[in-house]
Structures are given as C-alpha cells and as structure tokens.
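Kindly produce the complete structure, drawing on both the sequences and the hints.
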Amino acid sequence: MDPAHAEPAALTPLVQFRDVAFAYARPARGRERTFAFPGLSFTVERGEIFGVIGPNSAGKTSLLRLLTRVLRPQRGEIRLAGRPVGDLAPWALAREVAMVPQEAPRPFPFTVEQLVLMGRYPHAPGRFFEDAADITAARAAMAATETLALAPLPLEQLSGGERQRALLARALAQEPRLLVLDEPTAHLDLRYQAETAALLRGLNRERGMTILLVSHDLNLAAELCDRLLLLSAGEVARVGAAVDVLEQGLLESVFGCHVTVDKSPSGRPVVQLAYERG
Amino acid sequence: MTDARRLARALAALSLVLLAVGVTALFVGSAELSPSAVARALAGRAEASSVEAIVTLSLRLPRVAAAVLAGAALAVAGVGFQALTRNPLAEPSVLGVSSGAAFGVVLAQILGLSSGIVAALGAAVFAFAGALLAATIVYLVATAPGGLAIQTLLLTGVIVGIFFSAAITVIISVVDFNRLTGVIHWLLGNLGPIPAASLALFAVLAGAGVWLILKSSRELNLLALGEEASRQLGVDAERLKRRVFVAAALLTGTVVAFTGPIGFVGLIVPHVLRRLVGQDNRFLVPTAALAGGAFLLAADTLARNVVAPAELSVGVITAFCGAPFFVWILRTRSRPL
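Protein chains in written order, with the working numbering: chain Z, 1 to 278; chain E, 1001 to 1337.
Treat the hints as calculated values from the structure; they're not laboratory data.
The structure presented is a predicted model; accordingly, all values stated were derived computationally and were not measured.
Among the hints, erroneous ones may be present.
What the hints assert, rightly or not - Covered stretches of chain Z, going by a simulated chain E footprint (3 or more residues, C-beta under 8 Å):
{"hint": "1", "stretch": "58-71"}
{"hint": "2", "stretch": "93-101"}
{"hint": "3", "stretch": "126-133"}
{"hint": "4", "stretch": "204-212"}
Think of the CB as a built atom: it goes at the ideal place given N, C-alpha and C, for glycine as much as any other residue.
Below you can see the structure in the form of structure tokens.
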C-alpha cells in the first residue's frame, strides 16, 4: 500500500458512519411512508463481529446498501479504514467489502464454480479469463464453505441452503477485509445454521476478518456478535454488547410486542416472543 | 483444460462449420454452374466477363460475406440484449429494436439518400438512431422501481415494434411509391450482393459492435446476478449498461441498414449455444459471432435454392425457424416467466 495512505491501523475503526442522512424518493412498494435515515452514526471496529438488528423497515438492508455504495448518502460520510467510500473505485471497494445477499436472482443457470469465480473480478477487472491464482482462491473459498462438491452444478439445482453457502464462497473469494451478510441463516436448517455460525466465528478468529451481519434472528446475533446495533425507524435505538441491547423493555418498545429475555448456558441473552394467550 | 483452450477449441470447431457452409453457399445456386467452373472463378483463372466469374465473384461471394456479417451481428446483439435485460428471450426483433432501425432506414430513403457509400452510411446512421430510440423506449417503459419485469419487457418490445411498423406503413402510403423502390422486398429481410465499399463499412460497424460486447462479456456475467450484486462485486454497472446498450443497437441498426430486419437469429443462435458452451458470456459472445454467421448463411443458401430460380426472403426462413423456437423456449423453461 502507498505509504502516504498508510493508516494508523489501531486507531481508525474499519467502518465509520458519520451523521449519514438518506431518504428514498418514494415509498417502497406496499409501504405508506418513505423510509429515511435522519442522521446515522456508528462505528464497526477492526476484527469484531457486528450485528444489526431491528424490526422490518427499520433500515437494515438500506444500511448495507449505503455501506456497499449501491446507495449514496445525501448528507454525512461513510468511511472505510479512514477513507471515504465515495472516493473508491467500484472494484477497489469490492476488494475490501464483500456482500453475501439473501438470494441471488438467477435468470441464467450459472454453475457454482462460475458464481464463485465472479468474486475474483475486483482483483483484476481488466482480465478476460481468471488466472491460476484466481482459481486457487475460488477453490479455497469453496473448500471453506463445503461447496467444492457442488462446483459443476447449476445454481438452479441447489437447495436454498446450498445456494446460500455458494454465495458465501463467492464473498470469500473476494478476500475482503469486511464480510457483510444479509440474513445469513434465513434459508438454512438448524444444522447449517450452526455450521454457518461456526464458520463465521472461525473466519473472524483465524483470519481476523471483520464481519457485519444483519439478522432477524436475535438469538443468533446475541450468540455470534461482539456488539449489536438495534435500529428503529432509521435511528440507532442502542449500540453495545448483547446484554445491554437485548433488554426486555427496549425490545418491547422497538418491536411493539411482548418478549421475555432469559440467559443461555453461555451467558448470552435469549429472547423469546411472549405469545398472547386467549 | 483451461478456459482459454476450451474457447479456442470451440471457436476452431465453429470455424470449420462456417467454412463448410461458406463453401456450400458458393457452389450452389440457381445459375447451375459446375463445381469446376466455380473453382476456376475463385482461383481467378476465369475470364472477368464470364458467367462463372460474375456469378461467383460479384453475386455469391459478396452475398456470403453479407450473410456472415449480418448473422454474426444479430447473434451477438441477441446475447447483449439478453445479458442487459437478464432475459433469455430478449433479441433485436422481439424487443422492437429492429423495427425502430427499419423506421430509420425508411426515413433515410425518403430524405433522398439514393445510392453509393454515402447512402449506405446515411442509412446506417439513421438505422442506428432508430434502433437506439426504440431500445430506449422499451427500456424506459419496462423499467419498474423493482427492476425489469420479464413479461413487461417482452410486451413492451412487441408494442414498440408494432408502433414503428405502423409508422413505416404510414410513410409508404404517403410517399410516392417510386421513391421507395424495393422497400417492401427489403422490409422482409433480404441479403443481396452488397458493393465492396459498403461491405467494408458493414464489416467495420459490425466488428466495432462485436468488439464492444466481447470486451464487456466478463462484466455481463456479473450483471446477470442483478445490478445491485454486480455493483457490490466492483462493476461500474451504469457504464457497462450504456456501452452494451449502444453496441447492441449499433449491431441491430447496421444489419437492418444493409439487409433489412431479419428476425430471430439473436434468439435461436444464443439459445442453442447456451446448451453447448454454458452461460458464460465470454464463451457465448465469440461463439455466437461464428455460429450466427454460419446459421444465417445456411438460411440464406436455403432461401436462394428451395424455390429456384425464384428466391425466398431469408427473413422468412429465420421467422419460420424462430417462431416455433420462441414457443419452445417459453414452454420448456424450468421456471415460470
């Protein structure tokens, strides 16, 4: 890296949202009000697993779109390792930040291997075919996600969980510093949920990969994340350790329903919906 | 085997096919020349004024070249539109882009650009403008906040095609018929011998369009995952879309200007190739150029010979192949549209 841009690694957080304001031009389909962030500020530290939770339409997905520059803030700034993301070329950003979406649209049946190799694009955008190093990186990513055996299969023939892991492999092939996941366990059964959680923890501990994930599963987030951000209608309701964020009164006011909060054997909070009986 | 070698092998095989079709096209025709006479003419050992020299070198050879260029351009335009719209049924004629280009050419004709290379260039410019206009309309109308809906896209393409066809009919009805000589014949899609200078222009424009799409083919793979995903993987999606959009319109406009609106080549050829080489646009674009050339040349050779000494329009042959093909794709897709 260019020494003039050498960053004081220990000092700057990996991600900084500074008073980020954004509003969509019109309401999303089926919604009455237009969603907006009035001014969002938070940081993600290097090496942590950071969870974003909150009710539907709290702005979780929009936050990911701002971070990956699909959307641009109307005010404020988003910094990645101290540099404004707006200054980075598209491929430069994709070398740092890899996104695992919930689902991939699939009008054409690409194979798993082709999908994972697409993660190598930002490393050499001018190259026509991937080179041997790209293929090695893609194979390693598939090995880490146990998708090597699926490599020649078209995406259409995969189960939801297999597709999810293929998408994770693609993101790992990008060799990013920050891995961003949108509902990483939404399509997974219990066993793969556990395996995905273990895989993410391993990536975090062994490779020092910073992970930002959005999840509806409060208990997974509590179990996996070092810190949580609770979003409510585009604003930070609370940021901190799971025990501080997953508080009965706060959750009830943000989600608008009754919950109970217990402790798991590991000491993390466990949130349960208190069903109305009647 | 590496990808580059796989591609080289596929291109070599298709080149042989193209060569075989090309040789056949040169040797058969209504003039009933003997193979040795054609060979003599090709070798340059026939009298310049002899029947075999005129038929082979001035009629068949330029026509073979025009067919190969047009087929290559249409097939690559099809791949380009399919990648842009993420829709395997998209294609210049289905999207109404050919009709827009045809409208441009008819307009150029009534403006009195009569003959020669200037006329060819004028027609190409007008056809390109018409193709761009039609493609832009289809794109803007079919783009919803959530992206391009497949059914909306196809319906919009049909409607835009009907609109421009109606506009052409209006011009034909209003303008003195003598100024539109051959328009009807041309509107059916016809390959005739094209003068050498025009053929060179055709080759340059088609080559430019194919090159632009080929250069973008790796990024087009990423675009297939959706615009948002492609941007998150580092693609400058806006620039990519503009480039491929312009290139596909250029290819369509060029073909329409030189040969008339020939339909369905961009549908049939890429679809068959998807089965043979897969979904990777880096394979589809170059193989479509060769296979498209071979396909249209075969169709034209058929058109010249089935009702000889009369001729069918090559557009009739491609439409007869294309329409059932469209229905077949529609019915056999694994997921509903």
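Hint check results:
no., hint, in the structure
1, 58-71, "holds (count 4)"
2, 93-101, "holds (count 7)"
3, 126-133, "holds (count 4)"
4, 204-212, "violated (count 0)"
Of the numbered hints given earlier, the model fails hint 4 alone.
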